[in-house]
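Those protein sequence lines, which keep their order, are chains A and B.
full-length UniProt numbering numbers the first residue of the first sequence as 1 and each following residue consecutively.
full-length UniProt numbering numbers the first residue of the second sequence as 1 and each following residue consecutively.
There could be a bad hint or two in this list.
[To be verified] Computed Cβ-Cβ distance ranges for the label pairs, DEER-style:
| hint | chain 1 | residue 1 | chain 2 | residue 2 | range |
| --- | --- | --- | --- | --- | --- |
| 1 | B | D343 | A | S309 | 44 to 52 Å |
| 2 | A | V108 | B | G449 | 56 to 64 Å |
| 3 | B | S101 | A | L307 | 45 to 53 Å |
| 4 | B | G118 | A | L265 | 43 to 51 Å |
| 5 | A | I321 | B | T182 | 29 to 37 Å |
| 6 | A | L26 | B | G449 | 46 to 54 Å |
| 7 | A | D331 | B | A177 | 23 to 31 Å |
| 8 | A | D331 | B | Y93 | 17 to 25 Å |
| 9 | A | M313 | B | E131 | 33 to 41 Å |
What the hints contain is simulated information worked out from the structure, not anything from laboratory work.
A virtual CB, placed ideally from N, CA and C, is assigned to each residue, including glycine.
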Amino acid sequence: MSTLVQGRNAAEATGRFTMASLTAFLLRYNFIVIFFVVAAIATCLSNDFLTWRNICNLFQQSSVVGIVAIGMTFVILTANIDLSVGSMVACSGLIVSLLMQAGIPPAVAIPATFLIGTCIGATLGAISAYAAVPSFIVTLAGLVTIRGVTFLLSNGAPIGGLPHGFGAFGSYQIPLLPGVTFPILGLLFLVVWGAASLVLRYTVFGEYVFATGGNAEAARLSGLPVRLIVTLVFAISGLLSSLSGVLLTARLRIGQPTAAQGLELDAIAAVVLGGTSLFGGRGSVLGTLFAVMLLQVLRNIFNLLGLGSFYQMTITGLIIIAAILLNRVIDSRQGRR
Amino acid sequence: MRENDAVETPVLAVDHAAKIFPGNVVALADATLSIRPGEVHCLLGANGAGKSTLLKIIAGAHLPTKGSLVLDGVPQRFRNPLEAARAGISMIYQELDLVGSLSVAQNMLLGRVPSRWGLVDRKHRAQIAAEALEKVGAGFGLDVPVASLSIANQQLTAIARALTLDAKIIIMDEPSAALNETELERVFAVIRSLTARGIAILYVSHRMGEIRAIGDRVTALRGGRTVDTFPVAGTSDQTLVEAVLGRNQALLERSARAPCGDTVALSAPFLKGPHGLEIRDLSVREGEIIGLSGLNGSGRTSLLRVLFGDLPSTGDILLNGRPYKPKQPADAIARGVGLVPEDRKMHGLVLDQAIYRNAALPSLRRRRFISHDSLRRGSARVLGDLSTRFSAIDQPVRQLSGGNQQKVVFSKWVLNGSRVLLLDEPSRGLDVGAKAELYALIRRLAEQGAAILVASSELDEIYANCDRIWVFHEGRNVRCFDPTVASRDDILTAGLIGHRDASEIAP
Chain A
1 MSTLVQGRNA AEATGRFTMA SLTAFLLRYN FIVIFFVVAA IATCLSNDFL
51 TWRNICNLFQ QSSVVGIVAI GMTFVILTAN IDLSVGSMVA CSGLIVSLLM
101 QAGIPPAVAI PATFLIGTCI GATLGAISAY AAVPSFIVTL AGLVTIRGVT
151 FLLSNGAPIG GLPHGFGAFG SYQIPLLPGV TFPILGLLFL VVWGAASLVL
201 RYTVFGEYVF ATGGNAEAAR LSGLPVRLIV TLVFAISGLL SSLSGVLLTA
251 RLRIGQPTAA QGLELDAIAA VVLGGTSLFG GRGSVLGTLF AVMLLQVLRN
301 IFNLLGLGSF YQMTITGLII IAAILLNRVI DSRQGRR
Chain B
1 MRENDAVETP VLAVDHAAKI FPGNVVALAD ATLSIRPGEV HCLLGANGAG
51 KSTLLKIIAG AHLPTKGSLV LDGVPQRFRN PLEAARAGIS MIYQELDLVG
101 SLSVAQNMLL GRVPSRWGLV DRKHRAQIAA EALEKVGAGF GLDVPVASLS
151 IANQQLTAIA RALTLDAKII IMDEPSAALN ETELERVFAV IRSLTARGIA
201 ILYVSHRMGE IRAIGDRVTA LRGGRTVDTF PVAGTSDQTL VEAVLGRNQA
251 LLERSARAPC GDTVALSAPF LKGPHGLEIR DLSVREGEII GLSGLNGSGR
301 TSLLRVLFGD LPSTGDILLN GRPYKPKQPA DAIARGVGLV PEDRKMHGLV
351 LDQAIYRNAA LPSLRRRRFI SHDSLRRGSA RVLGDLSTRF SAIDQPVRQL
401 SGGNQQKVVF SKWVLNGSRV LLLDEPSRGL DVGAKAELYA LIRRLAEQGA
451 AILVASSELD EIYANCDRIW VFHEGRNVRC FDPTVASRDD ILTAGLIGHR
501 DASEIAP
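Kindly produce the complete structure, drawing on both the sequences and the hints.
Shown next, in the form of structure tokens:
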């Protein structure tokens, strides 16, 4: 047996790529292949697609749903779901607007909003984990309740009159080279993605997230604090939703109580499209990153082609179904379920 | 009962069947099997010998690549299980394929509901179900939900369902796995009444005792080929084990054990727990293997779960001389107690996760950050010590054989440095060779100083491997035996009768 192990290591060390290992790699990271195929099509369809300006736009536009989807990836990896994120984004936007309208400086208002978002997420997660209620139900109630609170806070009207600097932040472009800039929202999305990747790969907490989702009972009998882990992933989802809410408010320059309706579905679609299993335990934020960008590129193509949003919804939905079927085929090839 | 054995034509003949999957994976190389009407034909073979492939070919789940299948003199090519069922071949799966929330009658006629004008004909259904249930001597009603029945009664429901299909052959895949000895006796009685009516049974089991009790003939498979078919009477265990393993296997012989030390690792002078659990004077020393024997539900599993902090208890437990009150598994693990659960796939492993990440899981609690390389190195060392066979340490555990999966569960506790191991049916579902290897591993861990409690419903195994055997009866540890002195039958009787005899309790 030890010779078998060594044999394998030796093969790895020489770095030989066989056809089989290449196929396995492409199947596992099929979302990357799909992304580049779609991007190539977009490049052929329009000369405007592969321009720095357009790429910056893609990142700027996808940052809000992207950051939410990163949080959603944690939740789905534990075999749970968080339907409250759209309402959380709107509510956080409103809270931060109200606080700043009341004269509280952004340096206090923003962290306070993050804290509130984290606590709401943790509460929903704790209810699900400790009372053993399916997270689908708990967060569905959260979706309705939090949206209701959002309307109550603002009487249904948008909140304006935010500090000038706050709005400017939302559209700030970071100068990289003379004449070349990158949107700060896009950068924040990438930073959140990078941090999430590191947490999932190199911390014990990340390992526990995978184990809990893969088999919660085996994880519990291995001494893992399973209910605490579930509470924490919802806290992360709450925190990232409130971050998205603040960023969206900064970009729009108003707190909008009707914002981000249905955002939870976009986020879930991106996570699943990125190859994360709804049964938990398998997936990556790398997949989520590519899927978020893929969905944004699709929207971009439709706009460039002048197709309306009805086409966009229909075709996006069909692509998600196709991707899920593809993953299902890969699963059954590998003998899972 | 059958003097004309030799001239009787077989009800089913499988001739040189082979199954080769894409990628040239040979699941079955050359299997020949001939079943006579009214016989119990046993099928014996190690894991991976091709038993399940052969069963699936007979039951219509696989088409054979080569070879033929003749039912009642007519060559058949079943394209799906339904065709096989219609032709008279019924399969009863190990994990019974019944719908727990539906009633007995609903389950028995699932997919073939008698109807009139598109509506369910309840009266007709009840009549068909009642007839079949009567034939299996069921003492339960038609309308109770299947989930409320014991496993034995669920087993009878599955058999009765086969009868409603007018089965000529009923295939039973390890029916004894979840039954205790009394329940198994009931199933055997039903099997005898079926064979008396001319129905043939193809019975798959790993257990020699059962084959002796119920079988007429036995066919051994090894490496995808039929070794031979033997009459059960007049063939020695040795011959059969050799046919399966292809070498001498001294599984059932007691091997010499070094005497263990005097340091008591874990002791429970008095302990009460759920399900009527009441323990007195139970202790295990470092280096000692204690067997827990008894019927299903006698409290073996409950005791292990109490000791692992998974069930609440009152009373005293001492671990290494200090009080021990685990409230959750994490407390037990922190004190060096590890559990190898009964169902390794559901409770022991994260099946789709890499081998080394499973092995490392309990020991991660001491860290906050992970270096995958060091986890791989640490796991590979321990897995190598346990002689686990795998092709890559990043492979999902799902791809390993049962015996090697169980070694991954063991490696979790070895890596964690656990000194008290609670093993719940550790050999369940393993073939004879893997069982022998597993017990050799358990003995070695004890020699290295681990204190081991092993619960098993197979007395032979613990009789051959334990230093002391506690017999459990209705939640209480009734008697303690020294297997070097006591006879196997004494221990068995104690488990069935089970009164606590103070004079017999060992120190």
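Please write out, lowest number first, the hints stated earlier that are contradicted by the structure.
-> Of the numbered hints, 4, 5 and 9 do not hold.
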